[in-house]
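Novice: Residue-level listing of the chains:
Protein chains: 2
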Amino acid sequence: MTQGPRYPELIQSLPSSVPFVGPEVQERELGRPFRARLGANESVFGPSPWAVAAMQDEAAEIWKYADATNHDLKAELALRMGVTPQNVVLGEGIDGILGYTVRLLVAPGDAVVTSDGAYPTFNYHVHGYGGVLHKVPFRDDHEDIDALLDKAREVEAKLVYLSNPDNPMGSWHSGEVIEKALDRIPDGTLLVLDEAYIEFAPDGTAPRIDPEDPRVVRMRTFSKGYGLAGARVGYAVGAQPLIRAYDKVRNHFGMNRAAQIGALAALQDDTWIEEVVGLVGAAKERIGTIAKASGVTALPSAANFVAVDLGRDGDYARAVLKALIAEGVFVRMPFVAPQDRCIRISAGTPADLDVLAEVLPVALETAQR
Amino acid sequence: MTQGPRYPELIQSLPSSVPFVGPEVQERELGRPFRARLGANESVFGPSPWAVAAMQDEAAEIWKYADATNHDLKAELALRMGVTPQNVVLGEGIDGILGYTVRLLVAPGDAVVTSDGAYPTFNYHVHGYGGVLHKVPFRDDHEDIDALLDKAREVEAKLVYLSNPDNPMGSWHSGEVIEKALDRIPDGTLLVLDEAYIEFAPDGTAPRIDPEDPRVVRMRTFSKGYGLAGARVGYAVGAQPLIRAYDKVRNHFGMNRAAQIGALAALQDDTWIEEVVGLVGAAKERIGTIAKASGVTALPSAANFVAVDLGRDGDYARAVLKALIAEGVFVRMPFVAPQDRCIRISAGTPADLDVLAEVLPVALETAQR
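As given, the protein sequences belong to chains A and B, one line each in that order.
Mapped onto the numbering used here, the consecutive letters of the first sequence carry residue numbers 1 to 369.
Mapped onto the numbering used here, the consecutive letters of the second sequence carry residue numbers 1001 to 1369.
Hints in this document: simulated from the structure, not taken from any laboratory.
Backbone N, C-alpha and C define an ideal beta-carbon position, used for all residues, glycine too.
Among the hints, a few may not be true.
[Stated by the list, open to error] Between beta-carbon pairs, the in silico distance windows are:
{"id": "1", "chain 1": "B", "residue 1": "1079", "chain 2": "A", "residue 2": "71", "range": "38 to 44 angstroms"}
{"id": "2", "chain 1": "B", "residue 1": "1109", "chain 2": "A", "residue 2": "184", "range": "52 to 58 angstroms"}
{"id": "3", "chain 1": "A", "residue 1": "53", "chain 2": "B", "residue 2": "1026", "range": "46 to 52 angstroms"}
[Claimed, not checked] From the structure, some residues in chain B lie toward chain A, with a derived Cβ separation under 8 angstroms:
{"id": "4", "residue": "1018"}
{"id": "5", "residue": "1022"}
{"id": "6", "residue": "1024"}
{"id": "7", "residue": "1043"}
{"id": "8", "residue": "1107"}
{"id": "9", "residue": "1242"}
{"id": "10", "residue": "1258"}
With the hints as extra help, turn the sequences into a complete structure.
Specialist: Here it is in structure tokens:
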């Protein structure tokens, strides 16, 4: 046989490793299903019954491609956000939209700024398009807005990434703090404000932003509060010229039809999202109680997960994580010190948390051996 | 406000136009739904009842991300194709996988070869990554394999695109012809063999290809025969080093969970796909009859649509198309002469084709005025 395909240098340079190993892969390795699925910040409480019914009703219609303009869902989102439909773009989860955003702005060698230990999939996309990542450390377990903006100015960043509430720590800044930060964004830098967990945050966490502000794009998702992680519906809100630019690169027919229709139904069920936020609050409290009972500390969280500070180093936390997984509890943890002293536990059902209460002391003991 | 984001030159150069305008956009313009949806080569016969049931059962579980490795679906596909799971990658429709394929191979300025008038979404991706498209004309309404390979050699193409059966003409080459062509692929060129419509083609249309052959990647989809266009499940089969490379760039968690599970159920329902192929065959015959009754000619087709030769030029065909749409029949047509003397009509239900039989003579008359 002859020579294979010729990959460009950039592609050759990329690692073959993947950002996350999913729970199904781990279950196949373990040879049994997890007893509690608390690692991916999914919503164990599920989507609105309206969304479930809408998706079931649409199942037989799935022979049709989805509306490539996402008209109805976009219109409802715009109404609720107080923007125009031209300020909104839908995509295959925030992951998909982050990819498009990096592709739109980052040419090989361009600088991008993020926090060391923030969302790995953003970094995956930046590497994938040849961007150069500059990372600043967390400060007191918070993303350090001042340091991010200083670094962005220093390296003339095309993008600066900030998640609020933050993943993996669950910490947050008030909307006011972010509003003030907007004026410090360097000319020509776009702030990527990832608000995946905003539904769980205290009132006032979402900054008021003029939808035509060219300095920022905010990202939202149906994967967390709305319980539709497997549907893949994320969206970005920003100035019209930026939103139009996504049409140059996105997979126009990339969205699942039932997902589009399910997301619209989910969005309209205000009761359900309120209920879920309440259930998540109760679950976070219980995780705090379970942690305390084992002598470890749940950190405050504005998201649907809790970072539990194990009080030692990363090696210890990794040992605890490994023991939890071996005992059938799927959890994840921060990648970078000193945040990697924690494990990250998603809000679970009471039954999930019963398992956690049973298994956490065992895992802590195993790790101490 | 300050300066907006700084787009790289490549992005600035891209047009804001989109590859296809969907039927929903046209319906909103018309102010009423289409009477017959025959423009996007969807399967009006729908997916297997097994797939519908599987997706409905999974609706409440959609709070979970899909298995990012697509393990179960990939295993079943591999079994049926006689390859290993390491020869298969899943993606968000062939559209998604074409995008990844172009990204993997094409750096700005790299040459790519296709037929003039072949799939526009492939061209969209090539432009989007800065590739330089070289187009060769159809020959007797067939993609011209010799000309494609000659051009690929001449311009040292990274990719050469061939759809078999062809879209938009429905013409095809035998598997044997393609097998012989494999040895003429230039060193370092990858043949992208788009087999989206293969389920409808005569036996022997799919070439036998060694899965480890580094010169070709074949693309298949659940959007056509399997009736899951709105689910967004496509796959590529190729040599393991190439398939591994997709993991460097794909949106690992980009697939819809219910779609993944629905596709697996659809794949296992051999009876349904046989039935659909039969129904499509009957529909194509009826389109032939309807065309003949109006004095126009349906061309032979190995796909789930028919190119109907109107016997005049592109302006005339465009006028007929416009009249069909105004009368409530969604159809499309080839973009490039001389194929643009045709309109392209997807296989419809008997009720759809009753509408076509009623409306086609009216549209032909309108266009002749």
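Novice: It remains to establish, for every hint, whether it holds in the given structure.
Specialist: Checked hints:
1. Judged by the Cβ atoms, the range 38 to 44 angstroms given for residue 1079 of chain B and residue 71 of chain A holds: they are separated by roughly 40 angstroms.
2. Look at residue 1109 of chain B against residue 184 of chain A: about 38 angstroms separates their beta carbons, and that is not inside 52 to 58 angstroms.
3. Checked against the hint of 46 to 52 angstroms, the C-beta distance between residue 53 of chain A and residue 1026 of chain B comes to roughly 28 angstroms, which is inconsistent with it.
4. The closest approach between the C-beta of residue 1018 of chain B and any C-beta of chain A is roughly 6 angstroms, which is under the 8 angstroms cut-off, so the hint is satisfied.
5. Hint status for residue 1022 of chain B relative to chain A: holds, with the closest Cβ pair at about 5 angstroms, below 8 angstroms.
6. The interface hint given for residue 1024 of chain B holds, since its Cβ lies 4 angstroms from the closest Cβ of chain A, which is under the 8 angstroms cut-off.
7. A hinted interface residue such as residue 1043 of chain B counts as satisfied when its beta carbon comes closer than 8 angstroms to some beta carbon of chain A; here the least separation is about 5 angstroms, so the hint holds.
8. For the restraint placing residue 1107 of chain B at the interface with chain A, the shortest Cβ-Cβ distance is roughly 4 angstroms, inside the 8 angstroms limit, so the hint holds.
9. Proximity of residue 1242 of chain B to chain A holds as hinted, the smallest CB-CB distance being about 6 angstroms (cut-off 8 angstroms).
10. With a least beta-carbon distance of about 7 angstroms to chain A, the hint placing residue 1258 of chain B at the interface is held under the 8 angstroms criterion.
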